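Q: Quick mapping for you: the protein sequence lines, in order, are chains A, B and C.
Residue numbering for the first sequence follows our numbering, beginning at 283 and increasing consecutively.
Residue numbering for the second sequence follows our numbering, beginning at 0 and increasing consecutively.
Residue numbering for the third sequence follows our numbering, beginning at 26 and increasing consecutively.
Heads up, a few of these hints could be off.
If the Cβ cut is set under 10 Å, some of the chain C residues that face chain B in the computed set are [claimed, not checked]:
(1) Glu53
(2) Ile71
(3) Thr75
(4) Lys80
(5) Gly89
(6) Asn103
(7) Arg105
(8) Lys124
To be clear, the hints were calculated from the coordinates, so they are not data collected in a lab.
Values in this document were obtained by computation on a predicted structure and should not be read as measured data.
Where a beta carbon is used, it is the ideal one built from N, C-alpha and C, also for glycine.
The residues making up each chain are set out below.
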Amino acid sequence: MKRYELIVIGAGPSGLSAAIEAAEAGMQVVVFDENGRPGGQLFKQIHKFFGSKEHQAKVRGVRIGENLLAKAKDLGIHVILDATVLGIYKNKEVSVLIEDEVQNYKADAVIIATGAAENMIPFKGWDLPGVMGAGAAQTMMNIQGIRPGGKILMVGSGNVGLVVSFQLLQAGCEVAAIIDAAPRVGGYGVHASKVTRTGIPLYTSYTVIEAKGVDSVESAVIARVDECFQPIPGTEIELGVDTICIAVGLSPMSQLADNAGCQMEFAPGKGGNVPVLSETGETSIANVYCAGDVAGIEEASSAMIQGKIAAAAIARDLGYIDDIEFAEKKTAYAESLSKIRAGMFAPGNKGKVFEKTDEGFTISDSLLTKGYLSESELSAFPALDASGGTHIVIECTQNIPCDPCQDVCPAGCIIVGNTITQIPKLDKDKKCSGCGLCVGVCSGQAIFLVNDQYEDGYGTVGLPYEFLPLPAKGDVGKALDRSGAPVCDATVVEVRTNKAMDKTAMLVMKVPVDQLSSARFFKAAEGGN
Amino acid sequence: MSQIIVRTKTSEPFVPLPDDDLIICRCEEITKGEIRKAIHEGMRTLNEVKRYLRAGMGLCQGQTCQRLVLNIISSELKIPGGELGRITGRMPVRPAVMEAVGKSTEHSEGVERYDR
Amino acid sequence: MRIVAHPIIEDYQKGPLVQFLYNGETVEGHAGESIAAALRAMGVRIHRYTTKQHKPRGVFCAIGRCTDCVMVVNGVSNVRTCITPLEAGMTVQTQFGLKAGDGK
Numbered sequence: 283m284k285r286y287e288l289i290v291i292g293a294g295p296s297g298l299s300a301a302i303e304a305a306e307a308g309m310q311v312v313v314f315d316e317n318g319r320p321g322g323q324l325f326k327q328i329h330k331f332f333g334s335k336e337h338q339a340k341v342r343g344v345r346i347g348e349n350l351l352a353k354a355k356d357l358g359i360h361v362i363l364d365a366t367v368l369g370i371y372k373n374k375e376v377s378v379l380i381e382d383e384v385q386n387y388k389a390d391a392v393i394i395a396t397g398a399a400e401n402m403i404p405f406k407g408w409d410l411p412g413v414m415g416a417g418a419a420q421t422m423m424n425i426q427g428i429r430p431g432g433k434i435l436m437v438g439s440g441n442v443g444l445v446v447s448f449q450l451l452q453a454g455c456e457v458a459a460i461i462d463a464a465p466r467v468g469g470y471g472v473h474a475s476k477v478t479r480t481g482i483p484l485y486t487s488y489t490v491i492e493a494k495g496v497d498s499v500e501s502a503v504i505a506r507v508d509e510c511f512q513p514i515p516g517t518e519i520e521l522g523v524d525t526i527c528i529a530v531g532l533s534p535m536s537q538l539a540d541n542a543g544c545q546m547e548f549a550p551g552k553g554g555n556v557p558v559l560s561e562t563g564e565t566s567i568a569n570v571y572c573a574g575d576v577a578g579i580e581e582a583s584s585a586m587i588q589g590k591i592a593a594a595a596i597a598r599d600l601g602y603i604d605d606i607e608f609a610e611k612k613t614a615y616a617e618s619l620s621k622i623r624a625g626m627f628a629p630g631n632k633g634k635v636f637e638k639t640d641e642g643f644t645i646s647d648s649l650l651t652k653g654y655l656s657e658s659e660l661s662a663f664p665a666l667d668a669s670g671g672t673h674i675v676i677e678c679t680q681n682i683p684c685d686p687c688q689d690v691c692p693a694g695c696i697i698v699g700n701t702i703t704q705i706p707k708l709d710k711d712k713k714c715s716g717c718g719l720c721v722g723v724c725s726g727q728a729i730f731l732v733n734d735q736y737e738d739g740y741g742t743v744g745l746p747y748e749f750l751p752l753p754a755k756g757d758v759g760k761a762l763d764r765s766g767a768p769v770c771d772a773t774v775v776e777v778r779t780n781k782a783m784d785k786t787a788m789l790v791m792k793v794p795v796d797q798l799s800s801a802r803f804f805k806a807a808e809g810g811n
Numbered sequence: 000m001s002q003i004i005v006r007t008k009t010s011e012p013f014v015p016l017p018d019d020d021l022i023i024c025r026c027e028e029i030t031k032g033e034i035r036k037a038i039h040e041g042m043r044t045l046n047e048v049k050r051y052l053r054a055g056m057g058l059c060q061g062q063t064c065q066r067l068v069l070n071i072i073s074s075e076l077k078i079p080g081g082e083l084g085r086i087t088g089r090m091p092v093r094p095a096v097m098e099a100v101g102k103s104t105e106h107s108e109g110v111e112r113y114d115r
Numbered sequence: 026m027r028i029v030a031h032p033i034i035e036d037y038q039k040g041p042l043v044q045f046l047y048n049g050e051t052v053e054g055h056a057g058e059s060i061a062a063a064l065r066a067m068g069v070r071i072h073r074y075t076t077k078q079h080k081p082r083g084v085f086c087a088i089g090r091c092t093d094c095v096m097v098v099n100g101v102s103n104v105r106t107c108i109t110p111l112e113a114g115m116t117v118q119t120q121f122g123l124k125a126g127d128g129k
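Kindly produce the complete structure, drawing on both the sequences and the hints.
A: This is the structure we're talking about:
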């Protein structure tokens with residue numbers, strides 16, 4: 283039997299953060315992960331995260347994963363891969379299947395950070411090859427480099443459904459539609475806007491009723507639902523798709539905690555069966571902790587902090603840090619956690635419908651039901667500058683915990699304030715230099731650089747662009763509006779990239795001045811690049 | 000979870016539904032109709048349905064269907080999902096070759112579970 | 026179906042192209058990628074046929090949790106192909122019920 287001071291189960295964001303915190307305190311740590319690669323689901327998160335600097339906002343999940351791994355390596359943490367934990371027994375004995383052998387380990391403390399599994403909805407034909415979890419599609423394209431399909435229907439408009447739809451486009455797939463049985467878009471408005479402006483239709487109050495096909499999916503039948511979520515006969519639409527992705531939420535993988543004998547509870551707000559935890563994440567069994575999605579579905583940023591809190595508590599119990607140091611750490615982590623858990627989409631606000639922002643602005647109905655802002659509703663928001671010349675337009679209209687735009691502006695034009703869920707405002711006394719950094723770093727891709735004095739009758743719109751082939755100066759095509767409908771001809775006049783924007787380009791297109799407030803995406807002409 | 004589940008309550012007669020042939024447990028190929036029937040035959044909790052039909056006993060151990068079975072029981076019996084228990088998490092909680100599990104003998108203090 | 030160029034991901038860190046046997050036929054995939062990925066790149070979507078209803082199944086969760094993508098690999102049944110790395114010379118067979126076969 284091998285002994286460690288701390289066994290961490292799961293090398294995802296939470297588990298790795300916990301292991302790092304514990305190793306830094308001087309503890310001897312081992313991390314088990316059943317996968318061949320560490321990092322959990324972080325490496326398929328190729329989008330930029332929300333939050334503040336302390337939460338690594340505007341950094342892509344994959345880079346956060348790389349940093350965590352590098353740190354774990356520096357600290358000499360044993361990360362054992364292809365190691366499946368099968369059970370936890372009395373006295374914190376842990377059985378691990380490594381290759382074809384069950385090995386037993388023992389520790390003073392255990393952190394269970396096993397994450398979550400995707401929820402599914404059953405419908406006719408849902409067992410056909412080609413129906414898969416949205417996370418499965420993400421793994422195939424972002425980890426394995428394989429397109430899951432050619433043309434895809436996305437079921438679910440939560441953040442997973444929206445983000446994965448965008449990533450499917452980046453991988454070169456076509457997305458036929460995003461549907462949601464709820465009457466409103468589930469995820470962040472900015473994530474929805476990012477996909478709708480490319481022309482993907484988003485249907486709220488629609489569900490999938492059948493996957494058709496002989497050996498694999500050949501089409502999908504969707505239908506509108508009534509208030510009781512029952513399909514309305516006669517509203518069926520058949521979409522020619524070869525893949526159906528399901529993104530209807532996640533459930534904690536808490537079986538190990540249950541097996542260990544931890545007291546469990548059924549908490550729909552946390553995604554299902556979860557262990558009952560103290561504020562540091564300790565279960566009903568002393569020195570057995572849970573952190574991350576297994577403790578309740580949230581996202582990677584909070585999972586990382588939860589891991590650190592659990593590890594700090596264990597370090598204190600085992601005498602590696604004193605009460606004072608622990609109290610300091612706990613306060614700092616709790617504060618960081620409450621910042622990222624704030625806003626309209628906070629874990630405690632699940633299912634709530636907001637009509638107004640904290641500031642009292644009316645939330646765009648178009649954004650909630652169709653996935654894009656209408657121009658008239660946008661005009662009520664403060665980040666519009668009607669002044670002439672180069673200026674930015676910030677289309678960030680919900681209270682989400684994110685503030686990199688404020689940090690990145692060299693001219694100090696953008697104000698979010700200390701409460702990072704505030705909707706960004708413009709400081710009218712400061713002059714935009716036109717650098718475009720905010721366009722490139724905004725994790726929600728919601729900032730546009732507008733110049734209404736480009737040349738006679740024409741202006742330019744600078745927009746974030748993350749697709750291939752990257753258009754070049756001189757390319758012609760159509761400008762699309764927020765709904766993805768073509769509004770006018772457009773010519774690319776500049777493509778700006780730099781290291782700070784980390785592969786997000788700012789594409790500047792020339793459009794007639796009367797389209798400056800509607801043109802939000804560029805689609806190259808067929809045949810051209 | 001409530002400790003008492005009323006079993007004497009006569010359930011309403013089983014009425015077939017058009018989507019009864021829908022697969023719910025993908026591993027063991029158990030349909031919605033079979034699960035509904037089992038409920039009308041007296042199964043009341045997730046564990047009971049599991050033992051009766053093997054729904055959730057396949058390779059994935061209920062990873063996909065646990066929630067779906069719960070929803071079916073909940074809507075058939077009109078009992079909130081939180082009162083229907085859960086599939087007991089047992090060693091091995093993840094798929095494992097039984098030969099490997101069987102060979103495992105090295106326990107200094109014996110395999111002993113926490114009191115439940 | 027392979028992604029040749031991606032706007033964000035520079036390198037999928039694939040191993041060299043190796044040969045393996047798929048239902049008796051010599052085919053190619055990258056060492057270290059999942060067997061499921063190599064098969065999808067070839068256009069294969071059916072990994073197995075179920076025991077009772079003999080229905081086709083393929084990749085469903087892609088992270089080893091749902092066990093729908095199991096196949097017979099090197100003669101061993103129920104191998105989760107989405108998390109099993111491809112190796113040169115592997116034999117991969119469609120699984121019928123619990124074993125390899127021609128489906129009859």
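Q: All hints are to be evaluated individually against the structure, with a verdict given for each.
A: Comparing the hints with the structure gives:
The criterion of a C-beta within 10 Å of any C-beta in chain B is not met by Glu53 of chain C, whose closest approach is roughly 29 Å, and the hint is violated. Contact between Ile71 of chain C and chain B, as hinted, is not supported at the beta carbon level, the nearest pair being about 15 Å apart and thus beyond 10 Å. Given hint, Thr75 of chain C at the interface with chain B, holds; its Cβ is 6 Å from that chain's nearest Cβ, closer than 10 Å. The beta carbon of Lys80 of chain C is positioned within 10 Å of a beta carbon in chain B (closest approach about 8 Å), and the interface hint is therefore held.
Nearest Cβ of chain B to the Cβ of Gly89 of chain C: about 8 Å, under the 10 Å cut. The hint holds. The restraint placing Asn103 of chain C at the interface with chain B holds, with a minimum CB-CB distance near 6 Å, inside the 10 Å limit. The interface hint given for Arg105 of chain C holds, since its Cβ lies 7 Å from the closest Cβ of chain B, which is under the 10 Å cut-off. Proximity of Lys124 of chain C to chain B is violated relative to the hint, the smallest CB-CB distance being about 15 Å (cut-off 10 Å).
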